[in-house]
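K.L.:
Protein chains in written order, with the numbering used here: chain A, 99 to 426; chain B, 99 to 426; chain C, 99 to 426.
Chain copies aren't distinguished; within one or between two, either way the pair holds.
Derived DSSO-like pairs (lysine-lysine); straight-line CA-CA distance at most 27 angstroms:
no.: 1; residue 1: Lys-424; residue 2: Lys-115
no.: 2; residue 1: Lys-115; residue 2: Lys-138
no.: 3; residue 1: Lys-371; residue 2: Lys-414
no.: 4; residue 1: Lys-146; residue 2: Lys-129
no.: 5; residue 1: Lys-414; residue 2: Lys-386
no.: 6; residue 1: Lys-165; residue 2: Lys-179
no.: 7; residue 1: Lys-424; residue 2: Lys-212
no.: 8; residue 1: Lys-179; residue 2: Lys-143
no.: 9; residue 1: Lys-138; residue 2: Lys-170
no.: 10; residue 1: Lys-335; residue 2: Lys-424
no.: 11; residue 1: Lys-386; residue 2: Lys-371
no.: 12; residue 1: Lys-140; residue 2: Lys-174
Because the hints were derived from the structure by calculation, they are not lab data.
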Amino acid sequence: MNIFPLIGIGISTLNSKKEQLDVRYHVILSKDHEILNTHKIKLPKFEKLEDIINQTDDDQLELELSKLLSVKEGQKLVIYKIVKDDNVSDISEAYLKLYLLSLRICKPNSINLKNIFTVLPNVAWTNQGPVDVDEIDLFRTRNGEFSVRSVDKFPCLTDYIIPSGVRIADASRVRLGAYLSEGTTVMHEGFVNFNAGTLGTAMIEGRISAGVIIGKNSDLGGGCSTMGTLSGGNDVKISVGEDCLLGANSGLGIPLGDRCIIEAGLYLTGGSKVEVLDSQNNITEVVKASALSNQNDLLFIRNSITGSIQCKPNLKSVVLNETLHKND
Amino acid sequence: MNIFPLIGIGISTLNSKKEQLDVRYHVILSKDHEILNTHKIKLPKFEKLEDIINQTDDDQLELELSKLLSVKEGQKLVIYKIVKDDNVSDISEAYLKLYLLSLRICKPNSINLKNIFTVLPNVAWTNQGPVDVDEIDLFRTRNGEFSVRSVDKFPCLTDYIIPSGVRIADASRVRLGAYLSEGTTVMHEGFVNFNAGTLGTAMIEGRISAGVIIGKNSDLGGGCSTMGTLSGGNDVKISVGEDCLLGANSGLGIPLGDRCIIEAGLYLTGGSKVEVLDSQNNITEVVKASALSNQNDLLFIRNSITGSIQCKPNLKSVVLNETLHKND
Amino acid sequence: MNIFPLIGIGISTLNSKKEQLDVRYHVILSKDHEILNTHKIKLPKFEKLEDIINQTDDDQLELELSKLLSVKEGQKLVIYKIVKDDNVSDISEAYLKLYLLSLRICKPNSINLKNIFTVLPNVAWTNQGPVDVDEIDLFRTRNGEFSVRSVDKFPCLTDYIIPSGVRIADASRVRLGAYLSEGTTVMHEGFVNFNAGTLGTAMIEGRISAGVIIGKNSDLGGGCSTMGTLSGGNDVKISVGEDCLLGANSGLGIPLGDRCIIEAGLYLTGGSKVEVLDSQNNITEVVKASALSNQNDLLFIRNSITGSIQCKPNLKSVVLNETLHKND
Chain A
99 MNIFPLIGIG
109 ISTLNSKKEQ
119 LDVRYHVILS
129 KDHEILNTHK
139 IKLPKFEKLE
149 DIINQTDDDQ
159 LELELSKLLS
169 VKEGQKLVIY
179 KIVKDDNVSD
189 ISEAYLKLYL
199 LSLRICKPNS
209 INLKNIFTVL
219 PNVAWTNQGP
229 VDVDEIDLFR
239 TRNGEFSVRS
249 VDKFPCLTDY
259 IIPSGVRIAD
269 ASRVRLGAYL
279 SEGTTVMHEG
289 FVNFNAGTLG
299 TAMIEGRISA
309 GVIIGKNSDL
319 GGGCSTMGTL
329 SGGNDVKISV
339 GEDCLLGANS
349 GLGIPLGDRC
359 IIEAGLYLTG
369 GSKVEVLDSQ
379 NNITEVVKAS
389 ALSNQNDLLF
399 IRNSITGSIQ
409 CKPNLKSVVL
419 NETLHKND
Chain B
99 MNIFPLIGIG
109 ISTLNSKKEQ
119 LDVRYHVILS
129 KDHEILNTHK
139 IKLPKFEKLE
149 DIINQTDDDQ
159 LELELSKLLS
169 VKEGQKLVIY
179 KIVKDDNVSD
189 ISEAYLKLYL
199 LSLRICKPNS
209 INLKNIFTVL
219 PNVAWTNQGP
229 VDVDEIDLFR
239 TRNGEFSVRS
249 VDKFPCLTDY
259 IIPSGVRIAD
269 ASRVRLGAYL
279 SEGTTVMHEG
289 FVNFNAGTLG
299 TAMIEGRISA
309 GVIIGKNSDL
319 GGGCSTMGTL
329 SGGNDVKISV
339 GEDCLLGANS
349 GLGIPLGDRC
359 IIEAGLYLTG
369 GSKVEVLDSQ
379 NNITEVVKAS
389 ALSNQNDLLF
399 IRNSITGSIQ
409 CKPNLKSVVL
419 NETLHKND
Chain C
99 MNIFPLIGIG
109 ISTLNSKKEQ
119 LDVRYHVILS
129 KDHEILNTHK
139 IKLPKFEKLE
149 DIINQTDDDQ
159 LELELSKLLS
169 VKEGQKLVIY
179 KIVKDDNVSD
189 ISEAYLKLYL
199 LSLRICKPNS
209 INLKNIFTVL
219 PNVAWTNQGP
229 VDVDEIDLFR
239 TRNGEFSVRS
249 VDKFPCLTDY
259 IIPSGVRIAD
269 ASRVRLGAYL
279 SEGTTVMHEG
289 FVNFNAGTLG
299 TAMIEGRISA
309 GVIIGKNSDL
319 GGGCSTMGTL
329 SGGNDVKISV
339 GEDCLLGANS
349 GLGIPLGDRC
359 IIEAGLYLTG
369 GSKVEVLDSQ
379 NNITEVVKAS
389 ALSNQNDLLF
399 IRNSITGSIQ
409 CKPNLKSVVL
419 NETLHKND
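Chain A extracted, bound-state conformation (with noise of 0.2 angstroms):
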């Protein structure tokens, strides 16, 4: 990616001991453009901005800049400099990414997310905002009904984000990083991690891990499941093209081609072995469901009198249904 060197200026919650909690990031700017300008102030120069990280100014802007964004008590300014895609190294730099991919400016798989576990802290996600774990009991005692929402590394996308057209039924399921393309819905079943997500229009019921991308158009059906690289053992990056359609409750191991359809309640590993049919019905050969990667025009179906799992050409076409997708 060649968006960096890159800054970006935001609130810091902070902990007791002033330890960062998150990042809420209002200005994004690389050196020739805004990316993000959630208060439309008029922003300093990228130069003057490189002063304040390096200390070389005389912290009037700073100054400003705190009061522009009205950074309370327990709270704190930060601007925030990546300089090349490295490693993770802290949380302002991972809030920033995270950013970066649900802006939409950073497509999933594209950016150096190494050590993003290490760095963030456990937060209780709660109605009165992001709260050390370890400090729970004061806020509980504290006026004013107490709830947690999660206790998570990540936060909620809609907390921090809401991209446009989108629709998310239960917000709860979708990590601040993930990558949410205009038209797409998430509806309750639905989820989609950090470092995923969709690239045109989409209906998402299913659940997609980290590392895993859904081309346009296609159809992820209520409770599926797409195999993550992050725990559980599977080493290959799974993606699904455009069309295609997985049905309710079924599973995918590999990456998929165009135009593919995935039976309701099938689950294809890499390592199943899928018989192949010709458009007559005939088993022309068996392979690993690995050795179909990424083939367009495929039906991969349960025969359910013979219980073998094949692969057939696929002559249906997924089409979305529009009005679900309008998401105005």
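Chain A is already provided as a structure; the job is to place chains B and C on it using the hints.
P.N.:
Same frame as chain A, now just chains B and C:
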């Protein structure tokens, strides 16, 4: 439905352009009787309300109602009449029909919901109420913590109505417009779409898609799927009869009769070929599952040695655990 | 359990009829030691507390405790003693036992929870605290936004206790009474019922039903199911040994030994007939899956050509990704 004409009185939250985001109905009355009256106020005559709608009254009553229901800044009073069951024409009509479903006045599929997706705006459902998705940044910068629960055209049922005698373990997963009968328990993995629901006591740990109806004393196991008709390409309206069990992670693509069981993990699509067995376990015929639609006393399994889907006479009876459904 | 007798001191939220809705325990002590002391206050002697319960004291101490714990309008102080492990007799006892589970004092299935469903009232869990389901309209009309998170007999774990060293990505999906060991990560699709949980580091992306225990270093893949005994007709208590992997969308209906794997998408019920293979892939016998209960080093798959469920010696070892479980 001969319920119409009827009139609803409610409060609508507005965006900054004075456009409606939702309607919370406090009163619904047909010519003859009250359907809803949350404030238990003495209601005006139906004809009097029609005068307000036709703007032939003197505004006095409208003012009174606004006061009684305490309409606030950023809200407006809605008095809406549905004359007959036409396509949904605006947001007030959409909400009134969703209320009729969730108040158990109209059964799923008995009422015209055409155009509802077009009519409903996409709204951010937040801890500060419904917010226009395009005005979200404005709210974020206000005082007080701001968190988003959902970005969707439909709100959660329980933020508008809590039907008597139900448990809903995760309120995010039941939309306004769901029809939940007394004695229904929707567990954390359960889901109920609008225009869908249960006709009696039921344990719901699976997903009830739009248009799907579940008969009394039936049990939808964890993660089970019922095929919907809104997306994914299924055309037939799915239903489940009485005293049925859909096993965990199973799926259903046909209308099911009474006292039927689908084995855990088996996805029965309409096109699945099924071996039909008699009570001596002899295969009597092979049919498409759709041919067994609405037949009673069937047990569907996948033979774990031959791999074929089989249908046998069901001799077991499904009995719900009573203590899980006394929801008081 | 020889933990009894013990005494809990907490605060109960009341409905308008002064009936208890919940208990938040701040202190739990057995005769010999403190189990919980959220306010780190100097505690009275066990016998002194017994005097309060027996109403043989002079009320002074009770008043002091009320002040220390800041009992508010609409709440009451609860001082409750469990003498021995009888059936659950009231709501204070129910909560005290749920605390013992989630505080990791009592393992699942080691404590008498009979009648807990009968004893617990159905409560609306809202952003304004627990509310009587029948009094919900009263709250809706108060000032301030009102939203309902759950209508259930059990609250979310994290609104009462956050165990150390755990992540719970979606707090709605873990009930109070869950037993989560240090190093447990419950992802968005994970679920843990009361009286169920993990005995060590674990990745939970599937559902742990009531009564089910997961051994250390095991991985429950996304959407996998463990059969419960509360509903759906299973009688055998299910468990998972150490170093096991349940693949995504799989299911388990037998107690599983150590170092076992169930292939993604395979639902293994107790009654499934299974072909047992030796290390040369010869079928040595066909048994019901229940006959393989608690045996170690097994790999269960569905042969994707013959469609039969097969069990082979498992040679792969399951290794959890460490960085996902350092939950600090």
